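With these hints in hand, go ahead and build the complete structure from the sequences.
As they're listed, the protein sequences go chains A and B. FYI, the numbering used here numbers position 21 of the first sequence as 21, with every residue one higher than the one before it. FYI, the numbering used here numbers position 30 of the second sequence as 30, with every residue one higher than the one before it.
These are calculated hints, taken from the structure and not from any lab test. Among these hints, one or two may not hold up.
Computed Cβ-Cβ distance ranges for the label pairs, DEER-style [said to hold, decoys possible]:
#1 B/A120 <-> A/G321: 39 to 49 Å
#2 B/R28 <-> A/A360: 41 to 51 Å
#3 B/R91 <-> A/R289: 15 to 25 Å
Keep in mind it's a predicted model, so treat the numbers as computed, not measured. All C-beta atoms, glycine included, are put in the ideal place defined by N, C-alpha and C.
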Amino acid sequence: MSARTPQGPVERWRDAPDAEASQAKAAALVGRVPAPAELSDEQLERIGERLVARARRVRAPMPSWLKWAIGAGAFGGAPLAFAAVLRLVFAPAVQDELPRPSGEGLQPAAVSPAAVPMPMPMEIDLTAPGGAALVRPEDAPAQAGGSGEDGLAPGPQKRAGPDESGASAQIAGHGGLGADSPASPGRGAMGAASGKLAGPGGSGTAKSAPGGAATWAVHRERGTAPARVSGTAAPALAAAPPPSPAAGGASSLEAESALLSTALSRLRLDKDPSGALEALDEHRRQFPRGVLRDEERVGRVDALLALGRRPEALAELEAIGAGKLEQLPRGTDLRVLEAELLSESKRCDRAVPLFDALLARPLPAAADERALFGRASCRVELGEPDGAAADLRRCLARHPSGRFAAAARRLLEGVADE
Amino acid sequence: MSPALVNRSPLVQEDAGQPLALSEVYRRHARQVGRWAARLGGPAIDVEDVVQEVFLAAHRKLAGFRGEASLTTWLYRITENVVRHRRRKDRWRRWLGGTADEVAAEVPSPGPTPIEAVAARQANERVYRVLDGMKEKYRTVLILFELEEHSGEEVASLTGAKIGTVWVWLHRARADFAKRLDALDAKESS
Numbered sequence: 001m002s003a004r005t006p007q008g009p010v011e012r013w014r015d016a017p018d019a020e021a022s023q024a025k026a027a028a029l030v031g032r033v034p035a036p037a038e039l040s041d042e043q044l045e046r047i048g049e050r051l052v053a054r055a056r057r058v059r060a061p062m063p064s065w066l067k068w069a070i071g072a073g074a075f076g077g078a079p080l081a082f083a084a085v086l087r088l089v090f091a092p093a094v095q096d097e098l099p100r101p102s103g104e105g106l107q108p109a110a111v112s113p114a115a116v117p118m119p120m121p122m123e124i125d126l127t128a129p130g131g132a133a134l135v136r137p138e139d140a141p142a143q144a145g146g147s148g149e150d151g152l153a154p155g156p157q158k159r160a161g162p163d164e165s166g167a168s169a170q171i172a173g174h175g176g177l178g179a180d181s182p183a184s185p186g187r188g189a190m191g192a193a194s195g196k197l198a199g200p201g202g203s204g205t206a207k208s209a210p211g212g213a214a215t216w217a218v219h220r221e222r223g224t225a226p227a228r229v230s231g232t233a234a235p236a237l238a239a240a241p242p243p244s245p246a247a248g249g250a251s252s253l254e255a256e257s258a259l260l261s262t263a264l265s266r267l268r269l270d271k272d273p274s275g276a277l278e279a280l281d282e283h284r285r286q287f288p289r290g291v292l293r294d295e296e297r298v299g300r301v302d303a304l305l306a307l308g309r310r311p312e313a314l315a316e317l318e319a320i321g322a323g324k325l326e327q328l329p330r331g332t333d334l335r336v337l338e339a340e341l342l343s344e345s346k347r348c349d350r351a352v353p354l355f356d357a358l359l360a361r362p363l364p365a366a367a368d369e370r371a372l373f374g375r376a377s378c379r380v381e382l383g384e385p386d387g388a389a390a391d392l393r394r395c396l397a398r399h400p401s402g403r404f405a406a407a408a409r410r411l412l413e414g415v416a417d418e
Numbered sequence: 001m002s003p004a005l006v007n008r009s010p011l012v013q014e015d016a017g018q019p020l021a022l023s024e025v026y027r028r029h030a031r032q033v034g035r036w037a038a039r040l041g042g043p044a045i046d047v048e049d050v051v052q053e054v055f056l057a058a059h060r061k062l063a064g065f066r067g068e069a070s071l072t073t074w075l076y077r078i079t080e081n082v083v084r085h086r087r088r089k090d091r092w093r094r095w096l097g098g099t100a101d102e103v104a105a106e107v108p109s110p111g112p113t114p115i116e117a118v119a120a121r122q123a124n125e126r127v128y129r130v131l132d133g134m135k136e137k138y139r140t141v142l143i144l145f146e147l148e149e150h151s152g153e154e155v156a157s158l159t160g161a162k163i164g165t166v167w168v169w170l171h172r173a174r175a176d177f178a179k180r181l182d183a184l185d186a187k188e189s190s
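Here it is as structure tokens:
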């Protein structure tokens, strides 16, 4: 340890009298950070309503005696099973004597982010792969790099490095950043909540128990009431802290992260989609229900597209499912991509409703153009020239110099000739 | 649940022996949890989502909680855990979707504001840009001590570290922060 390492109480950084220049600058910057805005009563009430709705879907934890019984059964040990039964019978007497399992406080799996509506900080303008389903190679407008040899029509390489070209640049193109469309998908699901939690400040919506302590409506409905007992003096707090909430699943998350990191490095830095797929396969093998499984799937879609294995990419997108797809990074673009791949595989009956749903809401420009052109192509396929022409005109009106403008004009001429 | 177990529950402890249900815990502590979430997560975090997740986790884990720590500490650790997972997940999502710099540029602006507010927001974003590259424990200690202005003892209680460890971490965190800030300045000026 450094000799200058403090061993006792220290002043706040901003009050330190003799800080070095760099430390003083850092302290000054830290001192300018404003206090975070407090949650308002309305926000708290909204969260409370969402909590009630979400808590209804929370699976009750498996009783520990049942875990014992299952464990005993799995090992076929009669004595263990007998012990489990004994434990069930005498649970109230012995429960306190058992040590708490390590990391039970809160493991990552208990807060599965996959089950959480994630705030989407952005949407990505995925312009590289999808349109290829609908554009002949010679129709594809010239893009930075990208030969299209693998069947992909390379999109604008917004983040491609200067040394990237050809197929490698196509890979980078999958992650291009586009318009921002923040969303918080989980918030709309609260309308059905019947119970409410009182927000701080007491909005009067909390359900109150006879004893005066408010109870959580969900607990009562599910019969899983939290700790309730006739009031007795509480013992002093134990000095020892509980096991770290992070202790349980941190290592598996690290391992997941490492594998995913390897995969994406191979895909994006080494331009090695095959290698990336191997790492993603390994991830899937090791963590079939991992925290990052959706991210793994998105990476897999990118890798499969880069390899020209488009039907498999489509299968992967379909496996993710529409609901989850929307919550993923580039969710909108992945939906457009799914529709385009459906169209490419001659499944326009499924693609058109997808395009319809997408076009029913505001879209980033690139996604809007792709969706309009994609639906027009499908309508041609389905023998609906009028609808196709309308889409193509809209496409050209909105995106006159867009990526599909030339192809749209040719297609429109063809439709008009018919 | 056995009476002995219930008696040790923080939900009982906090209210002088009276049982407290989670709705009451929420009423009393949601704002504090929101503040922790905002501090630990920085400007890019969705505080409402984190608060919801924290209390959902509390709901799930309530029966298994045995009250070795105070309710505040328990909630803090859940919050820290949720924020850490959220940040980690967001990092992946950013990488899958764009670079951190691009995402930083996408942090929503609150619209026209006085110059002071803009400066404060920029300072905030800059501080978290530096913090986000630091080790988790250093980042946490720096936030709790310098931004939240907890005492060293409070930081030790919340994080479960010894007080001496907190001072060491803080010392290293400051040095690391200053170094990273210098590097960021140098990068931007070049």
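Worksheet item: Which numbered hints does this structure break?
Response: none
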